[in-house]
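Given the sequences, and given the hints that come with them, work out the whole structure.
Number of protein chains: 2
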Amino acid sequence: MVIILTVSINTLIVLHSHGWKNQARGDTPMRSIQEPKQSPIAIGTRWTLKSSILGEERQILVRVPTGHDTCEQAYPVLYLLDGEDTLFHSASGVIAHLSEWEDHLPEMIVVGIRNTDRTRDMLPTAVTLPNGRRHGGGADAFLEFIANELIPFVEETYRAGPYRMLCGTSASALTVVYEYLSQMIGFSAYLASSPTLDWDERLVFRMIENQASSELSTDAPLVMFAGGHDQGSIADDCKAFNKLLLELEPGSPRVSYRVYDVEGHCPFEGFRDGLLWLMKDWRVSEECIDQGIDAVSEHFESLRLTHGFNISIRSYEEAAHRWASRGRIDDAILWLKQGRAIYPKSADLAFGLALCFIRDKQEDAAGILLADAIASGLEDPRLSQLLERVSA
Amino acid sequence: MVIILTVSINTLIVLHSHGWKNQARGDTPMRSIQEPKQSPIAIGTRWTLKSSILGEERQILVRVPTGHDTCEQAYPVLYLLDGEDTLFHSASGVIAHLSEWEDHLPEMIVVGIRNTDRTRDMLPTAVTLPNGRRHGGGADAFLEFIANELIPFVEETYRAGPYRMLCGTSASALTVVYEYLSQMIGFSAYLASSPTLDWDERLVFRMIENQASSELSTDAPLVMFAGGHDQGSIADDCKAFNKLLLELEPGSPRVSYRVYDVEGHCPFEGFRDGLLWLMKDWRVSEECIDQGIDAVSEHFESLRLTHGFNISIRSYEEAAHRWASRGRIDDAILWLKQGRAIYPKSADLAFGLALCFIRDKQEDAAGILLADAIASGLEDPRLSQLLERVSA
Numbered sequence: 072m073v074i075i076l077t078v079s080i081n082t083l084i085v086l087h088s089h090g091w092k093n094q095a096r097g098d099t100p101m102r103s104i105q106e107p108k109q110s111p112i113a114i115g116t117r118w119t120l121k122s123s124i125l126g127e128e129r130q131i132l133v134r135v136p137t138g139h140d141t142c143e144q145a146y147p148v149l150y151l152l153d154g155e156d157t158l159f160h161s162a163s164g165v166i167a168h169l170s171e172w173e174d175h176l177p178e179m180i181v182v183g184i185r186n187t188d189r190t191r192d193m194l195p196t197a198v199t200l201p202n203g204r205r206h207g208g209g210a211d212a213f214l215e216f217i218a219n220e221l222i223p224f225v226e227e228t229y230r231a232g233p234y235r236m237l238c239g240t241s242a243s244a245l246t247v248v249y250e251y252l253s254q255m256i257g258f259s260a261y262l263a264s265s266p267t268l269d270w271d272e273r274l275v276f277r278m279i280e281n282q283a284s285s286e287l288s289t290d291a292p293l294v295m296f297a298g299g300h301d302q303g304s305i306a307d308d309c310k311a312f313n314k315l316l317l318e319l320e321p322g323s324p325r326v327s328y329r330v331y332d333v334e335g336h337c338p339f340e341g342f343r344d345g346l347l348w349l350m351k352d353w354r355v356s357e358e359c360i361d362q363g364i365d366a367v368s369e370h371f372e373s374l375r376l377t378h379g380f381n382i383s384i385r386s387y388e389e390a391a392h393r394w395a396s397r398g399r400i401d402d403a404i405l406w407l408k409q410g411r412a413i414y415p416k417s418a419d420l421a422f423g424l425a426l427c428f429i430r431d432k433q434e435d436a437a438g439i440l441l442a443d444a445i446a447s448g449l450e451d452p453r454l455s456q457l458l459e460r461v462s463a
Numbered sequence: 072m073v074i075i076l077t078v079s080i081n082t083l084i085v086l087h088s089h090g091w092k093n094q095a096r097g098d099t100p101m102r103s104i105q106e107p108k109q110s111p112i113a114i115g116t117r118w119t120l121k122s123s124i125l126g127e128e129r130q131i132l133v134r135v136p137t138g139h140d141t142c143e144q145a146y147p148v149l150y151l152l153d154g155e156d157t158l159f160h161s162a163s164g165v166i167a168h169l170s171e172w173e174d175h176l177p178e179m180i181v182v183g184i185r186n187t188d189r190t191r192d193m194l195p196t197a198v199t200l201p202n203g204r205r206h207g208g209g210a211d212a213f214l215e216f217i218a219n220e221l222i223p224f225v226e227e228t229y230r231a232g233p234y235r236m237l238c239g240t241s242a243s244a245l246t247v248v249y250e251y252l253s254q255m256i257g258f259s260a261y262l263a264s265s266p267t268l269d270w271d272e273r274l275v276f277r278m279i280e281n282q283a284s285s286e287l288s289t290d291a292p293l294v295m296f297a298g299g300h301d302q303g304s305i306a307d308d309c310k311a312f313n314k315l316l317l318e319l320e321p322g323s324p325r326v327s328y329r330v331y332d333v334e335g336h337c338p339f340e341g342f343r344d345g346l347l348w349l350m351k352d353w354r355v356s357e358e359c360i361d362q363g364i365d366a367v368s369e370h371f372e373s374l375r376l377t378h379g380f381n382i383s384i385r386s387y388e389e390a391a392h393r394w395a396s397r398g399r400i401d402d403a404i405l406w407l408k409q410g411r412a413i414y415p416k417s418a419d420l421a422f423g424l425a426l427c428f429i430r431d432k433q434e435d436a437a438g439i440l441l442a443d444a445i446a447s448g449l450e451d452p453r454l455s456q457l458l459e460r461v462s463a
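Sequence lines, in order, name chains A and B.
Whatever position you read off the first sequence (first residue = 1), add 71 for the numbering used here.
Whatever position you read off the second sequence (first residue = 1), add 71 for the numbering used here.
There may be inaccurate statements among the hints.
Repeated chains share a single entry, so a pair holds when one copy, or any two copies, can fit it.
Stated by the list, open to error - In silico BS3-like links for lysine-lysine, alpha-carbon gap of 30 Å or less:
(1) K416 to K351
(2) K416 to K108
(3) K310 to K108
(4) K121 to K310
(5) K121 to K416
(6) K408 to K351
(7) K432 to K121
Hints were generated in silico from the structure; no laboratory data involved.
Here is the structure:
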């Protein structure tokens, strides 16, 4: 998060150019760093779990929101198939950015499932290769592992709420669509990036055509996307499958499909856009904020009841910032106090509330808040600068 | 990276629905994971450096491309201001995705610089606050730290090439524009996300108006972006500053500016789009690949000479995949062999080359390659599956 402090401008310091350019580009640096210390940058926990159902060890990657360990909130969980290290890094990074740096998504736990035998686990049915070997057919067992070992483990270990999403890419996006249709587990939302829907003579098309019901298999939303330069028939198959779903429920707001013209297989933009589409009711509008604290509370209470989502730290900041900048300092202070009751250790909320107290000429309250925050071990250097200024 | 294996389809296994749904959602999970093991998911190294120039310790976050430690290549480096953990996670994740999962960018080293006293370091000039305290004015010293301590440290510690980028957000994007104009260090490219260009009575505008030369200060490209709902006058100031730059060099292809209508401060999409714009010459076109291996080699040789960029693992895979799928298996094999000479430990290249050998009916060569890769300690389970199949 970035805060801009607006100040009056009285003085201008003359600029000096010191001509470091040649030194920086030359072979002999002017000064060398002494005794650098190093440690790993950790973004989460890598678990190794023994699965009885699959009869093997599985690596599971988990990232929790920054505030997870210092509050009592439960979070939605995104289960990411093909959750190898690079995809887990980028996907969890996008989510961290959209939910903690911006307020576009609720904060969520991300669970990446690394592969051992990808084709066995992802393909719902087995086919026989020309050489007689069998290929695929383990998706049922893999989903059983997720349902009866992984989800219970995640929900015992982390503060995971009831809203669960399933996301996959290519063959694992076929698994997502297969689970969407079969509802073996029943997720709250589904994301499928370039699903290989033609597997096994268009199995998933046949599942719809053969189903007894003439309705969609679930109320959960499904978002599919592909690249205009995708592999094989993937983009066309997505389009046809989307059409088939909409024949069951014309104009359904719960099915979304998009092709990214200039992109190839599994366009990464689709992941971001798909999450934003699934969470399009999440953001509180400027109009709603302008109606005041009751309207904003009602917005989030409704999301809590329907989805189990919490108000995020960024959402507390966003509304308070707008109220404060429009002179509604009482609303801002009340709202940030509510936020601090939920996230008592958030440096951002402490900082925001202290700024509001200063504007409200409650410098003592600001000072107490800043001193408390510093005493509780927060390292944010802005806090001590602000305390110094308030105490001056 | 995702590979789809296309196989003939002979058999269809009847599906069973096991009704796990209630168990997964119930309170008593069927099975509990025994003895889970855990370790951190590390995406890079956190360095603590003692800066003599700044007279303090600074935390520096570094992520290197996956292949960095097992090849001899030098990489471009992105220096990320405001490089706190969340922004570093998301920014380095987007870069990892675009360069290692996709082939949209060259692989690069990302260096995040965490803040201690942000306003001191980022604001080029000092102003006096109403309470008499001084605010800002440390950007020259901060740039001296980057030039004479940080860059030498990075280039001694990692295989960093000569292409250096500077990226900042909000106040630190002002620092980026200030360095672009003053050329104290001289980066190869600049990215400025929602720069606060109005600082100190529009200092950076005055720097251009007062400069002796009537040309742009450097040949390096500058990309600026802001949100349509950005803070204060940021979007308008960006537009005006872009116009001022283009008065010096009408139609310059080295200056880019974009406003994201529905976004707010520091739109994250701009970071991705800005990098893609800076690197728009990077990707080899399908037309170029179709011309053959000489045209592709020439494309990358030209980028190596002008920018110092290497051919990435993904670029080796991408062209080889296209040739192999069009029956040009000799080109694919030759190209992947060249790739393996550069990245001898890449499991992806070993896997791709083995697939080509199998298509070319060189099963023994494929077997040797796979056995070598496994013996060298690669853990990719696809390798042993493939070896088993080849040896059958």
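**Request:** Any hints from earlier that this structure breaks? Give me their numbers in increasing order, please.
**Result:** Result: hints 3, 4 and 7 break, sorted rising.
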